[in-house]
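Asks: The residues making up each chain are set out below.
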Amino acid sequence: MKYVDEYRDGALAKRIAAAIAAEARSDRRYHFMEFCGGHTHAISRYGIEDLLPRGVRMIHGPGCPVCVLPVGRMDDAIRLAQRPGVTLCTYGDLMRVPGSDGSSLLKAKAAGADIRMVYSTLDALKIAAAEPGREVVFFAIGFETTTPPTAVAIETAARRGLKNFTIFCNHVLTPAAIRAIMESPEAKRGEVSLDGFVGPAHVSTVIGTAPYGFCAAQYGKPVVVAGFEPLDVMHAILMLVRQVNEGRTEIENQYIRAVTPEGNRTAQALVAKLFEPRESFEWRGLGEVPFGALRLREDYASFDAERRFGIVTVPARDNPACDCGAILRGVKRPADCRLFGTACTPETPMGSCMVSSEGACAAHWTYGRFRQHARAREAGVVEGASA
Amino acid sequence: MCLAIPARVTALLPDGMAKVSLDGVSKVISVALVEGVAPGDYVVLHVGYALARIDAAEAERTLALLAEAGARPAAAL
Ligand code: SF4
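For the record, the sequence lines run as chains G and F.
Numbering follows full-length UniProt numbering, with no gaps: position 186 of the first sequence is 186.
Numbering follows full-length UniProt numbering, with no gaps: position 44 of the second sequence is 44.
What the hints contain is simulated information worked out from the structure, not anything from laboratory work.
Built from N, CA and C at the ideal position, the CB exists for glycine as well.
Don't take each hint at face value.
The calculated DSSO-like cross-link candidates involving lysine-lysine, where the alpha carbons are at most 27 Å apart (straight line), are [as the list claims (entries may be wrong)]:
#  : chain 1 : residue 1 : chain 2 : residue 2
1  : G       : K163      : G       : K273
2  : G       : K14       : G       : K2
3  : F       : K19       : G       : K2
4  : F       : K27       : G       : K2
5  : G       : K126      : G       : K163
6  : G       : K109      : G       : K126
7  : G       : K109      : G       : K163
8  : G       : K14       : G       : K188
9  : G       : K163      : G       : K188
10 : G       : K126      : F       : K27
11 : G       : K126      : F       : K19
12 : G       : K126      : G       : K14
Residues from chain F that keep clear of chain G, each with C-beta distances beyond 12 Å, as calculated [as the list claims (entries may be wrong)]:
#  : residue
13 : A11
14 : K19
15 : S26
16 : P39
17 : L63
18 : A71
Covered stretches of chain F, as calculated for chain G (at least 3 residues, CB under 8 Å) [as the list claims (entries may be wrong)]:
#  : segment
19 : 30-38
20 : 41-54
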């Protein structure tokens, strides 16, 4: 596929890896966080960590919208779907996310709730138009990439006079989450070593590179916005190593083929017209993030499921054995969780990081664990391997 | 869910919609979020919407930068 295959050339990846190894200083370590779940997925799928020298490590960030949705909001969605007359339309990733007490949308659907998986907000609109007797609610989640599509759907519904279409809004904001990581108790105590960020690809097509300026200005961390293909990620890591070596903290753009400094102005204007920031919103792992999420403006109240159905979120506790929170803050790795691969697998996820293919636990389960095992065995550190 | 893929616009349709080709598979998407999309353009496709146009010249430049990055690993030392 054009614009895909040429960025997956394995031979070139090895040469860029050699460049990283040559330029990374042996007297220091480099810790870079890939914010975005899309990068986490690419890093695991293409084994990028195996290509990096020992001193260069990647930390998985919280940029997986399914993973950061708090349990309380999941419970809200499940209860909403169980109301008579309501049809809940959702992206497929959310079906298996555990709510409280082992509930999920999948189980609610099996028990008779009208829950439909959609690929796009356009599909939800079609359902609302075809079934005027149903209250069709779109479970809107995601970062700056998925918010504009939600906005287009609302504008379209308004234009067509669809009265039975609302959204349950859980859209969240990337820069606020990066700030929350830098402000986390662990980061303040100096327990998170972080030398820079691989910035999101598609979020940045919408917001541009300018909003990351505070990372460099306020926290002294470089950011390199990168595309989602493996060579893009390798290239961004090389660019970060160079910034660190040269003592620079700049916002650089590796994904120049789709990202500009100012981003997609059309999308930004539409989002600003319909949505406003929430003073506070809970994120799984990060807690309450100030101005970290969006809600519909008063003018669009008639499209807001929270208002129409009087939803009041009751905070719910995560499964206490699940380490998703620490993983999302970059403090732990999936294999550190004692449920990983035993009680918790993609078939029976105990936490949200195991659900979406962009979640750190799911990515590590699908692609990473065998490689890590093999690597450990080579080094003779797997139990029994040295016997 | 955040995954997005490049798609080639093959025809514009009414109401901000367009027909695209994904490796030969044809699909109808919304191009309402990207100004001035024309047939032949490549766009980043995400949950049924084009989010950005892919700049052909910058894509070439990236390939050149990648080749350069991998060309002389030791030269920078
Ligand atoms: S392995 Fe499962 S239980 Fe453990 S942190 Fe990941 S999602 Fe949570």
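Asks: Confirm or reject each hint.
Replies: Outcome of the hint check:
For the suggested pair G/K163 and G/K273, the alpha carbons sit about 20 Å apart, so the restraint of at most 27 Å is met. Only pairs whose Cα atoms come within 27 Å are accepted, and G/K14 paired with G/K2 is accepted, the gap being roughly 21 Å. Restraint check for F/K19 and G/K2: the C-alpha separation of about 17 Å stays at or below 27 Å, so the hint holds. Between the alpha carbons of F/K27 and G/K2 the distance comes to roughly 17 Å, so the proposed pair stays at or under 27 Å and holds.
Between G/K126 and G/K163 the CA atoms are separated by roughly 13 Å; this keeps the pair inside 27 Å, and the hint holds. The suggested pairing of G/K109 with G/K126 holds, with an alpha-carbon distance near 20 Å, which does not exceed 27 Å. For the given pair, G/K109 sits about 24 Å from G/K163 by alpha-carbon distance, which is consistent with the 27 Å threshold. Pair hint G/K14 plus G/K188 does not hold up; C-alpha atoms about 36 Å apart against a cutoff of 27 Å.
Distance restraint check for G/K163 and G/K188: the Cα-Cα separation of roughly 48 Å exceeds the 27 Å cut-off, and the hinted pair is therefore not satisfied. With a C-alpha separation of about 16 Å, the suggested pair G/K126 and F/K27 falls inside the 27 Å cut-off, and the hint holds. Distance restraint check for G/K126 and F/K19: the Cα-Cα separation of roughly 18 Å lies within the 27 Å cut-off, and the hinted pair is therefore satisfied. Among the hinted pairs, G/K126 with G/K14 is inconsistent with the structure: their alpha-carbon atoms are about 47 Å apart, more than 27 Å.
With a minimum CB-CB distance of about 17 Å to chain G, F/A11 clears the 12 Å threshold, and the non-interface call stands. Distance to chain G confirms F/K19 as a non-interface residue, since its nearest Cβ pair spans about 14 Å, more than 12 Å. Non-interface status of F/S26 relative to chain G is upheld: no Cβ of that chain comes within 12 Å, the nearest being about 14 Å off. For F/P39, the non-interface assignment is confirmed: its Cβ lies about 15 Å from the closest Cβ of chain G, beyond the 12 Å cut-off.
The beta carbon of F/L63 is not kept farther than 12 Å from every beta carbon of chain G, the shortest such distance being approximately 6 Å. A beta-carbon of chain G is positioned within 12 Å of the beta-carbon of F/A71; the least distance is around 7 Å. With 5 residues having a Cβ less than 8 Å from any Cβ of chain G, the segment 30-38 of chain F passes the three-residue criterion, so the hint holds. Remark: the segment 41-54 of chain F is confirmed as covered by chain G, as 10 of its residues place a Cβ nearer than 8 Å to a Cβ of that chain, reaching the required three.
Comparing the model with each earlier hint shows violations of hints 8, 9, 12, 17 and 18; every other hint is respected.
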